[in-house]
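Participant: Line by line, the protein sequences are chains A and B.
Sequence positions in the first sequence follow the numbering used here and run 27 to 453.
Sequence positions in the second sequence follow the numbering used here and run 27 to 453.
Do not take every clue at face value.
For chains that are exact copies, the list does not tell them apart, and a pair is met inside one copy or across any two.
Stated by the list, open to error - In silico SDA-like cross-links for lysine to any residue, where the CA-CA straight-line distance does not exceed 20 Å:
id : residue 1 : residue 2
1  : Lys-113   : Glu-145
2  : Lys-362   : Met-27
3  : Lys-147   : Gly-345
4  : Lys-147   : Met-27
5  : Lys-433   : Glu-388
6  : Lys-47    : Gly-314
7  : Lys-135   : Glu-116
8  : Lys-135   : Glu-429
9  : Lys-147   : Ser-346
10 : Lys-440   : Leu-382
11 : Lys-135   : Glu-145
12 : Lys-147   : Gly-61
13 : Lys-47    : Ile-65
Read the hints as simulated data drawn from the structure, not as lab findings.
There are 2 protein chains.
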Amino acid sequence: MGAPLKIAIAGLGTVGGGVVKVLAAQGAELRARAGRDLIVVGVSARDAKKARGFQVENFVTDPLALANSDADVVVELIGGDEGVARKLVETALANGKHVVTANKALLAKHGKQLAALAEQKNLQLKFEAAVAGGIPIVKTLRESLIAYEVQAVKGILNGTCNYILTEMEASGASFAEVLKEAQALGYAEADPTLDVGGGDTAHKLALLSSLAFGVAPDLSAMTVEGIQHITPADIHFASEFGFRIKLLGVARRTPSGIDQKVHPAMVRARSPLANVDGAANGVLVDAGRAGPFFFSGRGAGEAPTASAVVADLVEIARGSHTPVFGRPATGLGALKPAPADAALSPWYLRFEVLDLPGVLAEIAGHLSQSGVSIESMIQRGRDLGAPVAIVMITHETQQSAVERALKGIAASDKVRSRPCMIPMEAA
Amino acid sequence: MGAPLKIAIAGLGTVGGGVVKVLAAQGAELRARAGRDLIVVGVSARDAKKARGFQVENFVTDPLALANSDADVVVELIGGDEGVARKLVETALANGKHVVTANKALLAKHGKQLAALAEQKNLQLKFEAAVAGGIPIVKTLRESLIAYEVQAVKGILNGTCNYILTEMEASGASFAEVLKEAQALGYAEADPTLDVGGGDTAHKLALLSSLAFGVAPDLSAMTVEGIQHITPADIHFASEFGFRIKLLGVARRTPSGIDQKVHPAMVRARSPLANVDGAANGVLVDAGRAGPFFFSGRGAGEAPTASAVVADLVEIARGSHTPVFGRPATGLGALKPAPADAALSPWYLRFEVLDLPGVLAEIAGHLSQSGVSIESMIQRGRDLGAPVAIVMITHETQQSAVERALKGIAASDKVRSRPCMIPMEAA
Numbered sequence: 027m028g029a030p031l032k033i034a035i036a037g038l039g040t041v042g043g044g045v046v047k048v049l050a051a052q053g054a055e056l057r058a059r060a061g062r063d064l065i066v067v068g069v070s071a072r073d074a075k076k077a078r079g080f081q082v083e084n085f086v087t088d089p090l091a092l093a094n095s096d097a098d099v100v101v102e103l104i105g106g107d108e109g110v111a112r113k114l115v116e117t118a119l120a121n122g123k124h125v126v127t128a129n130k131a132l133l134a135k136h137g138k139q140l141a142a143l144a145e146q147k148n149l150q151l152k153f154e155a156a157v158a159g160g161i162p163i164v165k166t167l168r169e170s171l172i173a174y175e176v177q178a179v180k181g182i183l184n185g186t187c188n189y190i191l192t193e194m195e196a197s198g199a200s201f202a203e204v205l206k207e208a209q210a211l212g213y214a215e216a217d218p219t220l221d222v223g224g225g226d227t228a229h230k231l232a233l234l235s236s237l238a239f240g241v242a243p244d245l246s247a248m249t250v251e252g253i254q255h256i257t258p259a260d261i262h263f264a265s266e267f268g269f270r271i272k273l274l275g276v277a278r279r280t281p282s283g284i285d286q287k288v289h290p291a292m293v294r295a296r297s298p299l300a301n302v303d304g305a306a307n308g309v310l311v312d313a314g315r316a317g318p319f320f321f322s323g324r325g326a327g328e329a330p331t332a333s334a335v336v337a338d339l340v341e342i343a344r345g346s347h348t349p350v351f352g353r354p355a356t357g358l359g360a361l362k363p364a365p366a367d368a369a370l371s372p373w374y375l376r377f378e379v380l381d382l383p384g385v386l387a388e389i390a391g392h393l394s395q396s397g398v399s400i401e402s403m404i405q406r407g408r409d410l411g412a413p414v415a416i417v418m419i420t421h422e423t424q425q426s427a428v429e430r431a432l433k434g435i436a437a438s439d440k441v442r443s444r445p446c447m448i449p450m451e452a453a
Numbered sequence: 027m028g029a030p031l032k033i034a035i036a037g038l039g040t041v042g043g044g045v046v047k048v049l050a051a052q053g054a055e056l057r058a059r060a061g062r063d064l065i066v067v068g069v070s071a072r073d074a075k076k077a078r079g080f081q082v083e084n085f086v087t088d089p090l091a092l093a094n095s096d097a098d099v100v101v102e103l104i105g106g107d108e109g110v111a112r113k114l115v116e117t118a119l120a121n122g123k124h125v126v127t128a129n130k131a132l133l134a135k136h137g138k139q140l141a142a143l144a145e146q147k148n149l150q151l152k153f154e155a156a157v158a159g160g161i162p163i164v165k166t167l168r169e170s171l172i173a174y175e176v177q178a179v180k181g182i183l184n185g186t187c188n189y190i191l192t193e194m195e196a197s198g199a200s201f202a203e204v205l206k207e208a209q210a211l212g213y214a215e216a217d218p219t220l221d222v223g224g225g226d227t228a229h230k231l232a233l234l235s236s237l238a239f240g241v242a243p244d245l246s247a248m249t250v251e252g253i254q255h256i257t258p259a260d261i262h263f264a265s266e267f268g269f270r271i272k273l274l275g276v277a278r279r280t281p282s283g284i285d286q287k288v289h290p291a292m293v294r295a296r297s298p299l300a301n302v303d304g305a306a307n308g309v310l311v312d313a314g315r316a317g318p319f320f321f322s323g324r325g326a327g328e329a330p331t332a333s334a335v336v337a338d339l340v341e342i343a344r345g346s347h348t349p350v351f352g353r354p355a356t357g358l359g360a361l362k363p364a365p366a367d368a369a370l371s372p373w374y375l376r377f378e379v380l381d382l383p384g385v386l387a388e389i390a391g392h393l394s395q396s397g398v399s400i401e402s403m404i405q406r407g408r409d410l411g412a413p414v415a416i417v418m419i420t421h422e423t424q425q426s427a428v429e430r431a432l433k434g435i436a437a438s439d440k441v442r443s444r445p446c447m448i449p450m451e452a453a
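Excised from the complex, chain A in its bound form (with noise of 0.2 Å):
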């Protein structure tokens, strides 16, 4: 049996809380898995005086104290890609401390230079957390699916807008109603711009990316568009054509480089990721020759996500080398970006027109001059004079092409509002 590991907590909200409760009720079965003790010998967190439900001892209120204390491993769970957490990674690292986090925005920001650094100094940076909860995703990409070139990651990362797609499904109410809903529950922040915006599932993808193909996070080389502008009209309509509105991040190789993108996709009501209902997280990993491969679970909340935390622990208390992507930071090149046109899809597309004469001939002129040809199409309500919905599925067809047409459909004077475009992905 080794010297113990000294676990030092950054950091006490429902994630820190559940790491040290699970340390302290597992604590056999965990030193029987690492082959020596776990122990928590320090924790900080804004407020000393909160009740928590649970013993702790060594509190400071200034998380770098931790940094600087005998700690063998900092566990950083204060979140934002700047500010006290870098502070706090970079000192640990620098001080000789492993480093555990759920830190998405500061990985994704600073990921190649946090690694290099902790390389460089023989200790361990591991996220599992970070990304899908309790799915062993970060550990599969960086240790199980290698053999073989990864083609391309698709995941459902953000449960909060997963819920709230999956709530305007079951009850037809609008975006906003279901927000202030689940921010009721406690389900979404009260600042909800970095999840429906589709800003934290692209920190997640960012990750993702870099663990499948070999190169640095990088947040610029990707297009991401959130789920504000979904309404139960889109859900219901892709509901006839048998799909499902998911807010999807996905990263793919193409010939010309790495395609990345956070959107809201059409997914076929049979697929996995259709089937990813709630607040769960679900991704897809195209494994190349070896096939595609399917990871789905809670991807957040306290006993997941703990879950993930000690994982990580575990493993540097046995003494784990894994480069924190897979490879050595070095190595790792800058990713480049396949131009906005490589991919091809059929796409959904929504009008919401005056049912006047001549309407559909319109639209249909601007698609056909931009190159658009429509697989099918649904009209509903007859109305004369008054707003009705007309939803079309085309071929495939690249992105700039639709853009290029809606734009033209967009100024008519029949046209009520901005017309709206979901691709549908092939799997």
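Put chain B on the given structure of chain A with help from the hints.
Facilitator: Relative to the frame of chain A, chain B by itself:
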């Protein structure tokens, strides 16, 4: 960069050939991940002269010679729970060599003893390829879902059975017809007993059970039933009730011990396991407070299985120190089996009866005497004196009560063939 990892491969079938090819094709990539070269220093196969489409050097026909070579790792791909495979693994470990194996039969029978031997000599014995092909379920249970006690593991672990059931559903053909076709296509062995009889699933389940519950693998404490008696009618009726039939391996913690069984089961049509189609595999892990997690993908074939072997080799190259079953082998307790009666479930029952007055009353009488109550019933066909099917779904009932009732019913001269009973899985 460390010294090369010297690898000897025993068995050059589909998987062994795949490993040789991918180590050659992905050399630079794997070197970056492993921090050293992975080189093949010896191979063995029965037929030295067979054309294989790749170069091998240091070919021997006696696999045991590999255990006495200068290899650091022996990859055992011979198979079988005794004989050469066992001798090779024991000798390799005794001679200080790490072992990677795809041999579920060997580990299900001798796993604890071999793990103890490996750990005593500070060697790795890795077996990701033994269960579910390319799905990293061994690593996930061994290293990731460890913070909260796993409550249950349920898996579709045999691609041949899943292919046959999927084809029976799609075509309406009988088990015998689809099996013959699968044999012609190379999806089923000439002697299919180990697959269709459930034995292969049992081997894999014993390993998952050991990883999940910290016990020695134990095949003896397992009931095993195959898919030979499933008819197209059963599959059809399942679908009418909103279910699909899958061969599952199920291991769960109960208050009175661990319940392990392999059997065809009804799973809800929308559940993740129900949507594992064709030759794919899928595993659902109930990770206690961390929630349920689901994993699916290709469970056999060259690339998925070679992918698992190569991941194990890279981990050995990096100097991994993980106990074989996640906890030290000396601490793996004996599996305390739950009494066969412990598990309650609803049951699907099918009777082939002569359509004569009183037959339903007779069946209902036997069920009622054994305390089995019926939730719903379908009777198809009306042709006095001819055979018809009666199908029932019971309320939650102990297996023994259903078996008692069916014994009485089978004895009736109005009942034409052995009644069929299939449990309905909750998830």
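Participant: Would you mind marking each hint as holding or not holding in the structure?
Facilitator: Hint check results:
1. Lys-113 to Glu-145: within (18 Å within a copy, 40 Å between copies)
2. Lys-362 to Met-27: So Lys-362 and Met-27 fail the 20 Å test inside a copy (47 Å) and across (28 Å) alike.
3. Lys-147 to Gly-345: This pair counts as both: shortest intra-copy Cα distance 14 Å, inter-copy 18 Å.
4. Lys-147 to Met-27: between (25 Å within a copy, 16 Å between copies)
5. Lys-433 to Glu-388: within (13 Å within a copy, 73 Å between copies)
6. Lys-47 to Gly-314: Answer is between: at 15 Å across copies they meet the 20 Å cutoff, but 40 Å inside does not.
7. Lys-135 to Glu-116: within (14 Å within a copy, 49 Å between copies)
8. Lys-135 to Glu-429: neither (30 Å within a copy, 62 Å between copies)
9. Lys-147 to Ser-346: For Lys-147 and Ser-346, the Cα distance is within 20 Å both inside one copy (14 Å) and across copies (19 Å).
10. Lys-440 to Leu-382: within (8 Å within a copy, 70 Å between copies)
11. Lys-135 to Glu-145: within (18 Å within a copy, 41 Å between copies)
12. Lys-147 to Gly-61: between (23 Å within a copy, 16 Å between copies)
13. Lys-47 to Ile-65: within (11 Å within a copy, 45 Å between copies)
Checked against the numbered hints listed earlier, the structure breaks hints 2 and 8; every other hint is satisfied.
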